[in-house]
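The hints should help you fit chain B onto chain A, whose structure is shown.
Residue numbers (our numbering), protein chains in the order written: chain A, 1 to 328; chain B, 1 to 328.
Since the hints were made in silico from the structure, they are not lab data.
Just so you know, even glycine gets a beta-carbon here, dropped at the ideal spot from N, CA and C.
Treat each hint with caution, since some may be false.
Said to hold, decoys possible - Covered by chain B, per the in silico footprint, the following chain A stretches (three or more residues, Cβ under 8 Å): (1) 83-90; (2) 122-129.
Said to hold, decoys possible - Examples of chain B residues toward chain A, derived with CB under 8 Å: (3) Asn30; (4) Leu33; (5) Val106; (6) Val110; (7) Phe111; (8) Ile129; (9) Gln131; (10) Glu148; (11) Tyr152; (12) Leu273; (13) Leu298; (14) Leu319.
Number of protein chains: 2
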Amino acid sequence: MWDNLPALKAELDAFEQVMLEQFRSHRNINAYLDDLSRDIILSGGKRLRPAMTIASAMLGQYERDKVLGSAVSIELLHTATLVHDDIIDNSPLRRNKPTVYAREGVVTAVFTGDYLLVKSLLALAATDIPQEHMVRLAQAVEAVCVGEVEQYHGRGRMPSFKTYLSRISRKTAALFAASCALGAHLGGLTDEQVKTAGRFGSYYGIAFQIKDDLLDMLESTAKTGKPAGNDLKEGVVTLPVILAAGDDPRVLAKLDAVMSSVGGKKASKRDVLALMKMVKEAQGIERTQEVLTKYVALAGRFLDKLPDTPGRDMLRTILDTSFSGYTA
Amino acid sequence: MWDNLPALKAELDAFEQVMLEQFRSHRNINAYLDDLSRDIILSGGKRLRPAMTIASAMLGQYERDKVLGSAVSIELLHTATLVHDDIIDNSPLRRNKPTVYAREGVVTAVFTGDYLLVKSLLALAATDIPQEHMVRLAQAVEAVCVGEVEQYHGRGRMPSFKTYLSRISRKTAALFAASCALGAHLGGLTDEQVKTAGRFGSYYGIAFQIKDDLLDMLESTAKTGKPAGNDLKEGVVTLPVILAAGDDPRVLAKLDAVMSSVGGKKASKRDVLALMKMVKEAQGIERTQEVLTKYVALAGRFLDKLPDTPGRDMLRTILDTSFSGYTA
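Next comes chain A alone, as it looks inside the complex (with noise of 0.2 Å):
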């Protein structure tokens, strides 16, 4: 993915290795943990949100030690709530690997989650960005935790469209945010670009959302790293579903059908199969597509309004490569 981008990628590759000092530490002690928490941070995350510091810091003045441990924060605290939601969401393989819930168990998946949110808290301390962003990646943190939460309480039910919009912008979008607002004060930007950083990520993260669902009714294993119909079949209303269903009561009765055996139990393989087929047959995916391409389009309106500078420059080819292909 940054191999377009070289100096980005330069940047990454330091990323890695101050990310990973996190775990070297106290082995004796930790090594458990520390060994469980070094595999889920190798197994091929794309580092999208530090990049996106990273980037955006770069539409100002660019100061590595400063950004490095921020951008490292992020992403430990972001891989944080990754394992503490393939246990809301049962999922039995991310990035092509068995889940830590899948390998180890309820009980080491909570547990190696706090221990990577600590590590990410450990990584803040060690910088000094200011109190406000400190708080503003805490509140991200807890516009995860309620979007999962909202998520979870409302498997099996139909959302509106702003029901969904609310929760994915909680769930996904409030970290690319933040991620952005804090690379660009970092950056020494002024208060107005840092928050038109932070709509440009927020934009960002409702896209990167959508295409997540896209890809849940598209791809395979193989692609994405998870099982097809994942969502589905654990009750989660993906906008392909929702769009479809809009103005086609039979899809909307089919969803009815597949979310009443979710709960408790899981819905069938046979029910979800068809289910993506009616979604299908709705033009759930073309129209996905387009709402798809409205988000993207204004990410994008954001980036234009911030300083001409090789962080722009990246930040589109991020945005660009993020979704080209997915969008109408």
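Chain B only, in chain A's frame:
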């Protein structure tokens, strides 16, 4: 517990208000998690850790505004780890009420714990404690994670006393130590005195966990708020068992029998009762009381080194009250 300490009680009342403030904002968005958090917080914890932070600050110059925010952060950290602990311990009850885990399931317990951790971080960000104490608190939570995972992986196996001690130092004592050290720092004590306060807290915490182990062996639900024998049922080997098994091969054999049924399945109630009987016959209770007495005395010795102030008197009263009736 605080009736003999009216000055401390007044501060703890103010502390309650500050803590509840954390769960009043954005009520529309976070109502569910706020309500759950408030339920847990109001379910009757003794506020030992915040009391120690406050009393330790009273070893020097007490400034309420600085101290209460940190005390709130510590209590919320502790509460977060309890919520996640109840998952690991499979606990039906805490403080005589169903745990979040038992009532709402594992998913909600995971995210309620995370939410409390975030709220703790937000409370901390609102104070301006120095980086060094922020790191110490994060390390205390790190220690809790490591201690819990060690205990989980060690279940069903007899640890040495040394292993037991290092485990409870992390699982329980680290946060008491941080509570006292942070308080002493906020009271303006010297680095040496801050360290001494931390060691008092650490020995207090070890004694606290040993008493908890005794209670699991001795008391009914009515008194502890938790079912008796719950630790044993989950394969957690407590100190009375370790000390009883020390020179009684029958106890060791019985322990193996009970523990072999743990790990996925649970030990039967009959096995647990038989084990408890044997531990009592092998003087496990009395031996544990002797060890407890030793650690209470050690805590007292560090207390003696601290400045002779109302804060020290309070800490003395807390120490005496906590263990009266349980020492040898």
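Hint by hint, here is what the structure shows:
1. With a threshold of 8 Å between beta carbons, the proposed coverage of the region 83-90 of chain A by chain B holds, since 3 of its residues qualify and at least three are required.
2. Coverage of the region 122-129 of chain A by chain B holds in this model, with 4 residues showing a Cβ closer than 8 Å to a Cβ of that chain against a need of three.
3. The beta carbon of B/Asn30 is positioned within 8 Å of a beta carbon in chain A (closest approach about 5 Å), and the interface hint is therefore held.
4. Nearest Cβ of chain A to the Cβ of B/Leu33: about 6 Å, under the 8 Å cut. The hint holds.
5. Annotation: B/Val106 was flagged as interfacial toward chain A, and the flag holds, the nearest CB pair being 6 Å apart, inside 8 Å.
6. Here the hint on B/Val110 is kept, as its CB sits about 5 Å from the closest CB of chain A, short of 8 Å.
7. A hinted interface residue such as B/Phe111 counts as satisfied when its beta carbon comes closer than 8 Å to some beta carbon of chain A; here the least separation is about 5 Å, so the hint holds.
8. Taken as an interface hint, B/Ile129 does not check out: its beta carbon lies about 10 Å from the nearest beta carbon of chain A, beyond 8 Å.
9. Interface restraint check for B/Gln131: the shortest CB-CB distance to chain A comes to about 5 Å, inside 8 Å, so the restraint holds.
10. The beta carbon of B/Glu148 is positioned within 8 Å of a beta carbon in chain A (closest approach about 6 Å), and the interface hint is therefore held.
11. For the restraint placing B/Tyr152 at the interface with chain A, the shortest Cβ-Cβ distance is roughly 5 Å, inside the 8 Å limit, so the hint holds.
12. Annotation: B/Leu273 was flagged as interfacial toward chain A, and the flag is violated, the nearest CB pair being 26 Å apart, outside 8 Å.
13. Here the hint on B/Leu298 is broken, as its CB sits about 22 Å from the closest CB of chain A, past 8 Å.
14. The restraint placing B/Leu319 at the interface with chain A is violated, with a minimum CB-CB distance near 28 Å, outside the 8 Å limit.
Checked against the numbered hints given earlier, the structure breaks hints 8, 12, 13, 14 and satisfies all the rest.
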